[in-house]
Amino acid sequence: MATATPSVDLSEAMITTVTPAADWVIVLPLVLALMGAALLLMLRQKRGIAPIVAMLAVAGIIACEVMLLAKVLQVGPVSMTMGKWLPPFGISFTADIFGAGFALAASIVTLILLVYVQGEREPGDGSDGFYSLVLLLLAGVTGSFLTGDLFNLYVWFEVMLIASFGLIVIGGQPIQLDGAIKYGFLNFLATSFFLLSLGLTYGLLGTLNMADIILVAPSANPAAMAGVAGLLLLAFGMKAAAFPVNAWLPASYHTPPAAVSALFAGLLTKVGVYAMMRALVVLLPASRDLLEPLLASIAIASLLIAPLGAIAETNLRRALGFFVIGGIGAVIAGIALPSLHGIGGAGFYILHAILTMTALYLVAGLIERLTGQTDSRRMGGIYAAHTPISILFFVLMLAAAGVPPFLGFWPKLLLLEAGLAQSGLREGGAVDYLSLAIVVALLANAVLTLIAGSRLWAHIFWRAGPEGELSEHRSGKLQPLSLREARFGLGATTVLVAIVVLAGLMPEDLFTAARMGAGDMIDPSRYIAAFGLAGGTP
Amino acid sequence: MNTVIFRTIAPLIVSIMLVFSVYVCLRGHNEPGGGFIGGLIAASAIAIFGMSSGVERVRAAIRVDPLSIAGFGVFIAGLSGLMSLFTGSPFLTSIWLYLDLGETVLPLSTPMIFDIGVYLVVFGTISAIALALEGEGGDI
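Chains as they are written, first to last, in full-length UniProt numbering: chain V, 1 to 538; chain S, 1 to 140.
If you are wondering where the hints come from, they were derived from the structure by calculation, not from laboratory data.
Glycine included, C-beta positions come from ideal geometry on N, C-alpha and C.
Some hints here could point you the wrong way.
DEER-style ranges, computed between Cβ atoms [stated by the list, open to error]:
{"no.": "1", "chain 1": "S", "residue 1": "Gly102", "chain 2": "V", "residue 2": "Gly171", "range": "54 to 64 Å"}
{"no.": "2", "chain 1": "V", "residue 1": "Leu73", "chain 2": "S", "residue 2": "Arg57", "range": "53 to 63 Å"}
{"no.": "3", "chain 1": "S", "residue 1": "Thr87", "chain 2": "V", "residue 2": "Asp509", "range": "35 to 45 Å"}
{"no.": "4", "chain 1": "S", "residue 1": "Thr87", "chain 2": "V", "residue 2": "Ile522", "range": "31 to 41 Å"}
{"no.": "5", "chain 1": "V", "residue 1": "Gln173", "chain 2": "S", "residue 2": "Val105", "range": "27 to 37 Å"}
{"no.": "6", "chain 1": "S", "residue 1": "Phe36", "chain 2": "V", "residue 2": "Trp462", "range": "51 to 61 Å"}
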């Protein structure tokens, strides 16, 4: 019974040192998000309090994550293992620069979004559990970025799936149910593939702790591990909406309210592609090398097909969905070019995509509010009526395409550098045509995205009125934003765009962080050491 | 289902199941049982009560909205994990308190609070679903 005092020496399996309270910054973001979601579930009938509680919880999460990031930048990866058991017995939470940085970006975006929805929602309209689900989604995203255990990652994927499934159907429009079926079914399939590969990993290696996998994987059967890595690639590729399995994203992201789709576009696919990077680059680098031609092909196809889809699409938010897929292609290009520049560029691009894609969808929400339409053919004439929105969209479009000096340019520069270095063009000798193709695809993606974006801009803002309307006068059908919408909706969007612009103008610190983060990914010795595995680090 | 026999016997079944669910939850630390299965038994009791007496009477009897009970469960489970902050240990480390009651020793612990949280989450969630399915409007 529980009263029996342990007579065995547990120092082999348990942490015997005192954990200082400052170490808790790695789990507190997650605990705050989960407990905030629970509190909001209890408060969902209380009108008016819910948004304030949600914002306070997210502000607390941001504070913890700022401290966490500062610590990681100072001392390298940090880790905490639950319940005093040493890893691999306990579940570890381990943050390196990429994990901590993306978690911080995700919670900043969520806070801005919570302010944004105050313009859309009536005060006290929290009875449908919106705020609770947003915090639950943030808990899933934060957990995925910070966890150091592969099975735990699966748990956070499920949390994310449940929360996003709830968010996508709030409102109950028939089109939302249509989007929810496609989104839910394919993402459920992806998590099932993930679970399958976890079973195989555990069968082959006997562990799911990330540091332990890195140490054990080289001695396993390389063909079997490559199979597992391929299954992981399929699962995370579906989550990230990479090329052959991307169809669900443009078919579902435009159905919920703009704020919800902004949250999805900014966070969900990025978690998928981050998990792909973590699994292939850090955990199974040998299998990644075998899969490299496949990764390069996926990257090239996503980079080229996504902006072409955006050009062909007339529905505004569906077109933006293709922009998201193009960004995923850029990150996978980085995974296919495993140098300091390549991985650094991929990580930098994830940060850029979290901020820029959310902002694009927020602007799209304002445009839809202004015109009452979702199809760009029936929009027009906003430039004359509402110049600030047209400037915001233009800036974001340039940032998404990667035009200097905006944020999207810098990670693409790193990726191009990595591609050119790997292609061997500079040194002469044998040319790696696959890397060269990635470079060409990255450049073509920038041009095509620019075409798609400027086409949208010209149609929505520049043209005097909807398609077929010959009048040169400004369209009379626009409904000006109410004071509340302007204050919260436009204000929050402007803040996010300002962050994107400022980060683009001062990328020096981000470059340093990306280089350090990529260094820990390529050579994970500091990452492994942070875990403090049982039996000491060999 | 709405026979006289069922309606007469239902309150008895429901009360026995609710007491049994608490027993299963508490014995779960070292023996088969626990918060999850206890919550399921309690939620089944609520479902039977709903079948025999109607959803409105059940909602009046449990007073609190089932989903709020689930939220409270997550909240206290989180709190039980946070307690170890004050003992210099990582998150979710168990803390034990042995109450000496003369004839026996009563072990109280944070895993027990966590398990009660799990009980409330399962109870609240499954009850909300059951009541929504049994109700007319399907409103959770």
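For this structure, which hints from the list above don't hold up?
5
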